[in-house]
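Residue numbers (my numbering), protein chains in the order written: chain A, 80 to 477; chain B, 91 to 302; chain C, -7 to 568.
No lab work stands behind these hints: they were computed from the structure.
Certain hints may be false.
Stated by the list, open to error - Rough simulated footprint, nothing fancy, chain C against chain B, three-plus residues with beta-carbon under 8 Å:
| id | region |
| --- | --- |
| 1 | 112 to 118 |
| 2 | 139 to 152 |
| 3 | 172 to 178 |
| 4 | 186 to 197 |
| 5 | 233 to 245 |
Unchecked claim - A few chain B residues facing chain C, derived, Cβ under 10 Å:
| id | residue |
| --- | --- |
| 6 | THR101 |
| 7 | ALA103 |
| 8 | VAL108 |
| 9 | PRO165 |
| 10 | ALA166 |
| 11 | GLU168 |
| 12 | ARG169 |
| 13 | PHE181 |
| 14 | PRO182 |
| 15 | HIS183 |
| 16 | GLY219 |
| 17 | GLU221 |
| 18 | ARG223 |
| 19 | LEU250 |
| 20 | VAL269 |
What the hints assert, rightly or not - The following label-pair restraints were derived from C-beta to C-beta distances:
| id | chain 1 | residue 1 | chain 2 | residue 2 | range |
| --- | --- | --- | --- | --- | --- |
| 21 | A | ALA246 | C | VAL349 | 35 to 41 Å |
| 22 | A | GLN253 | C | VAL349 | 44 to 50 Å |
| 23 | C | GLY423 | B | ARG199 | 53 to 59 Å |
| 24 | C | ILE10 | A | LYS171 | 57 to 63 Å |
| 25 | C | GLY285 | A | LYS171 | 44 to 50 Å |
| 26 | B | SER264 | C | SER185 | 33 to 39 Å |
Since the structure is predicted, the reported quantities are computational estimates derived from the model, not experimental observations.
Don't be surprised by glycine CBs; every beta carbon is placed ideally from N, CA and C.
These are the residues of each chain, in order.
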Amino acid sequence: MRRHWLAAALVVLGSSLPARADEPWRDTLAKARGQTVYWNAWGGDERTNAFITWVGGEVRARYGITVQDVKLSDTAEAVTRIIAEKTAGRDKDGSVDLVWINGPNFLAMKQQDLLHPPFAGRLPSMRFVDTINKPSTMVDFTLPTEGMESPWRMAQFVFNYDSARIADVPRSMQGLAAWASKHPGRFTHPDVQDFLGVTFLKQALVELAPEPALLQRPATDATFAAATEPLWAWYDGLKPHLWHGGTDFPASGPAERALLNDGEIDLSVSFDPAEAAGSIEAGLLPATVRTSALQNGSIGNTSFVAIPFNAPHPEAAMVVADFLLEPSTQAHAQDIRVLGSFTVLDLAKLSPEQRQIFTALPTNPALPTNAELGPVLLEPHPSWMTRITEEWRRRYTH
Amino acid sequence: MRPGLVLKSVTIAVDGRVLMENLDLAIAPGEVVTLMGQSGSGKSTLVNYIGGHLDRGFRASGSVHLGGRNITAMPAAERRVGLLFQDDLLFPHLSVLENLLFGLAASVRGRVARRELAVGELARAGLSGFEDRDPATLSGGQRARVALLRTLLARPDALLLDEPFGKLDPGLRSVFRTVVFDQTRQQGIPVLLVTHDGADAEAAGGRVVTLA
Amino acid sequence: MATPLHPLSPARPWRARIAIAGLAGTLIILLLPLGAGFLGTVLPAFGILPAIGTGEVGLTPWRDLAASPGFATSLRLTLVTGLASTALAFALTVGFFASHRQLLGGRLAEALLAPLLASPHSAIAVGLAFLLAPSGWLARLVSPWPSGWTVPPDLVTIHDPWGIALTIGLVVKETPFLVLVTLAALNQVDAPSILRTGAALGYRRRSAWLKLVLPLIYPQIRLPIYIVLAFSLSVVDMALVLGPGNPPTLAVAAVRWFNAPDVTRYPMAAAAALLVLVVVMAAIGFWRVVEMGLARAGRRWIATGRRWHPAIELGEVLATGVFAALALGIAALASMVVWSFAWRWPFPHRLPVEWTVALWTQQASSLTGPLINTIGLALATTAMSLAVAIAAFEILENHSFALPAVVRAAALPLLLPQVAFQFGAQVLLVGLHLDGDLIGVCWLQMAFVLPYVLLALADPWRALDGRYARSAAALGASQVRILLAIKLPILLRPLLIAGAIGFAVSVAQYLPTLFAGGGRIATLTTEAVTRSSGGDRRVVGLLVTLQAALPMLIYGAALVIPKVLYANRRGMAGAA
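Just chain A, same shape as in the assembly:
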């Protein structure tokens, strides 16, 4: 935990360094008025798209900012584009103002110097963020955010299942392998190219690795081989019992959700504990789907927004980032009829009235409580993710 405190301290320290850091927030608001924010975000989820549209309406009314939702089929498309801009020598007037990002894409942008100087510390609503019980709001895949990205929603690994068809839901990754051999062809995970697919493998890695603490450090050839050996043994046993015999995989989380909806599988993975409840509301899953957490906790992380180095409207991007952290916005996002995403805020830091909005939110039988979800396990260093994807490809692509 000490590392995270250090990271948090760095954020506070870092936020006073950049040139514009001392600019009063109201000056930022004044500059932002009339600007357009090109918000690049993965567009595969309708509810998120609708939420971004809602944010656009709100910030236009309140701050005079126009939000253009740029839907990506892969977040890396935005990174590619910023690299193309850098290649062409476009150091300002880039095409991206704000990008929904985390993990490896954040690492890539950080390493390639594609990010705007630290800004998160300047956001007024940053003070509500839960940095103690939700350390992933400050440490993105073991990388300190250093104020270069701002959190907006929480994610945690869970199972979704159709209670009309199965009752014996697995409660661990070991249990999953046993379950799959009893129900061949009724479970799969997204392609490892997709973040949820590789998160599935990371969840198993965290559970199965002999020395989980090693995962918090960059992987070396030796640590990787040792730590992942049980993972591959486990996966070799699981793979033949997967949907389609493990020869192909749904492209993404929502694509896997569609398989659950179509009845092609009975059990699916999700990185959003409220996904099932929200999808039932939206007609995207049968009403009998329920969410199940893992008994020893599961990997969780935070979705962030970051500003590229050449963003033409960083002020408006910051105002949008701050708006995403406002308690009323966070409560709206947590509404299962909207997104259902768990808040990044610490409810204890809010006023009673603000807390009231959260407690008054509707619930659903498919929505787990925080207690049911169990502890949040930390994401391994991004190098593990890249290596797992590569190693999986090497082993299972012929």
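Given chain A's structure and the hints, the job is docking chains B and C onto it.
Just chains B and C now, kept in the frame of chain A:
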């Protein structure tokens, strides 16, 4: 007598093959000269040369004069050389009247005046009431008359006829021939008639030039 | 000869020179993104990409590519799906025309072909994915009775590792195109009398068609076949939706690596994109060799004088295959229309259990932008392409250039895989501050819209009786007046149809729009492909419906407008 259509020492070749060499020909206003010859002897090529429609592959020397103007290098549209083919080539998307108005010289001004003139000519040709007809619904003889009318309304200084009677019934053919030659004589237009048909040449009554 | 002969020079030589220079300049500008794009792919493929600091020039990217997991499978998959789908589409087309006197009576054929011709590849792919899935429409039709499936069977149908679903998708989309171009080619030969002559000599229809008609029309459908081949080998959107993912086809792998978070994959992505180009060129060369071999064998077969061969009876099967392909395609599109009105449609129900129009109303606001972009881009590129095509034909015709040669040259972009240009083109546009700009997207799309418009217009333009123009000129009309008052009105129908084709091509563009648009220009097609990776088939159904309906409306208008305008002109009924 003012000079009509005059060809001076015209030589035309294509792909190294000489079609005609040093051809001299003068056609007086109102005169009809008939051009005969086998297929491929260059009859149509000469018509295209005079009209300014010859394709690029051809090489030529000599000159064409019309009403005293040297028109050899002029674009087709400025030569004032009318042209009638075996097919009437009435524009299929225009009505009979619109076809005539397209042809009618722009020097006749005023919408109403132009229309009246064209309608009047149509009536004189025995086609009154045909103004708004679709050309595709006319008989062959009627179409031929409209095509002639359209050509003459452009007020050409010369007229080239490329087998214009070929597709008409024998009965219609002689009637139409008479109409054409009466009109061109009346208006003093020099005419070059290309044909296979000896009867055409006879009806024209003028000189006959044969290309080898 | 008495006087030296001189070539006939145009009346205004300087005008001609300006016109030709202008035309050449326009074409160069239009093709510039391809040239720049090609360079931007070749350099990184050999390790030259300063932006990410890999300055080491050499073959490392190629070695990385060859060593990447599943590379051999990818390559084989690309070749097999591309060649098999093209060969199958061609065989179906030949079998169909050899077997059937008339194409279902012209009008019906138009009605059946039009939706498939007008719909983007991605739309048909998304529809087929639902049709063929284990939980899809076909499985639902036989479930639970008579199949006994209460849950979908665990069968691999789409995304299959052999690429069968992708091959089916390509056949469904490309067969109508080959049928259309064959119909056009048949219009230029008098097939009925050739077949009558054959019959009089004792050859039945299929033999006579293969021996007498096919050799006559093949030269005219060769280019379209190469276009289909090149497209099938390099398609991205359809392969994403129907093809296998592990490993995918080469073109998909290239796009994936271009988009990987790990930017050091760039050079390898560029090498893969370049390899797609090599594969396309090699496949076209291979096809040409097979073509010549078959032609020689065919000539020997003709010389034998044999009136019949057992293989000929396959024609009936192949002809049925055409109907199957058309039916699959139409059903795929229809299923997406149904989805757009579904709230809940679980397996094994044959139709939705809860219907709604909510999707249409909910999505109306978020789809207005993409819809306007799609229409605007399509209208702009189509109008510009028509203008360039008309100017090109007019200038070339007036100066007696060989039209076919020029059209064939302009078709070159269609023989090259789009993925080979995208990154470089993106850098060019970024450098000119045109990325993410409608102008940039227009520019890049033009390189693919213009060739189709040129191809569609070339034959009707050539077929127009040149004596109309001569008659008009003899009546004193200027070039411009002849063009505006005679040629264009007579060619109205083919002009509108070429425009409708251009419109459909623009609507279907995925990669050029994605890369040049910098993701900021959303069109129906980019939205449909992006969202097809998401889980809401209802929204995808709505997008596909719009994607297919829009070009079809334009196509319908292209058929109806001349009929209304020339209702009273019998000579225009089948003009040109």
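We went through each hint and held it up to the structure:
1. Only residues whose beta carbon comes within less than 8 Å of a beta carbon in chain C count, and the region 112 to 118 of chain B has 1; fewer than three means the coverage is violated.
2. With a cut-off of 8 Å between beta carbons, the region 139 to 152 of chain B has 12 residues touching chain C; three or more are needed, and the interface restraint holds.
3. For a cut-off of 8 Å, the count of residues in the region 172 to 178 of chain B with a CB near a CB of chain C stands at 4, and the three-residue condition holds.
4. Here's how the region 186 to 197 of chain B fares: 4 of its residues keep a CB closer than 8 Å to some CB of chain C, so the rule of at least three is met and the hint holds.
5. Note: the region 233 to 245 of chain B has 3 residues with beta-carbon separation from chain C under 8 Å; the three-residue rule is met and the coverage holds.
6. With a cut of 10 Å, the hint placing THR101(B) at the interface with chain C holds, because the nearest CB-to-CB distance is about 6 Å.
7. Interface restraint check for ALA103(B): the shortest CB-CB distance to chain C comes to about 6 Å, inside 10 Å, so the restraint holds.
8. At a threshold of 10 Å, the smallest CB-CB gap from VAL108(B) to chain C is about 7 Å, leaving the interface hint in force.
9. For PRO165(B), the interface hint holds, the least distance from its beta-carbon to any beta-carbon of chain C being 4 Å, beneath 10 Å.
10. At its closest, the beta carbon of ALA166(B) sits 4 Å from a beta carbon of chain C; the interface hint therefore holds under the 10 Å criterion.
11. Using the Cβ-Cβ criterion of 10 Å, the hint placing GLU168(B) at the interface with chain C is satisfied: the shortest such distance is roughly 8 Å.
12. For ARG169(B), the suggested interface contact is upheld, since its CB lies about 8 Å from the closest CB of chain C, less than 10 Å.
13. Interface hint at PHE181(B): satisfied, since its Cβ lies 6 Å from the closest Cβ of chain C, which is below the 10 Å cut-off.
14. At about 3 Å, the closest approach between the beta carbon of PRO182(B) and any beta carbon in chain C falls short of 10 Å, and the interface hint on this residue holds.
15. A least Cβ separation of about 4 Å between HIS183(B) and chain C falls short of the 10 Å threshold, and the interface hint therefore holds.
16. For the restraint placing GLY219(B) at the interface with chain C, the shortest Cβ-Cβ distance is roughly 16 Å, beyond the 10 Å limit, so the hint is violated.
17. For the restraint placing GLU221(B) at the interface with chain C, the shortest Cβ-Cβ distance is roughly 13 Å, beyond the 10 Å limit, so the hint is violated.
18. Given hint, ARG223(B) at the interface with chain C, holds; its Cβ is 9 Å from that chain's nearest Cβ, closer than 10 Å.
19. With a cut of 10 Å, the hint placing LEU250(B) at the interface with chain C holds, because the nearest CB-to-CB distance is about 8 Å.
20. Here the hint on VAL269(B) is broken, as its CB sits about 19 Å from the closest CB of chain C, past 10 Å.
21. Take ALA246(A) and VAL349(C): their Cβ atoms lie about 37 Å apart, and the range 35 to 41 Å holds.
22. The given range of 44 to 50 Å is respected by GLN253(A) and VAL349(C), whose C-beta atoms sit roughly 47 Å from each other.
23. Here the CB-CB span from GLY423(C) to ARG199(B) is close to 56 Å, well matched to the stated 53 to 59 Å.
24. Look at ILE10(C) against LYS171(A): about 41 Å separates their beta carbons, and that is not inside 57 to 63 Å.
25. Restraint check, GLY285(C) to LYS171(A): a C-beta distance of roughly 60 Å breaks the suggested window 44 to 50 Å.
26. Checked against the given bound of 33 to 39 Å, the beta carbons of SER264(B) and SER185(C), roughly 34 Å apart, stay inside it.
Violation of the numbered hints given earlier is confined to hints 1, 16, 17, 20, 24 and 25; the remaining hints are satisfied by the structure.
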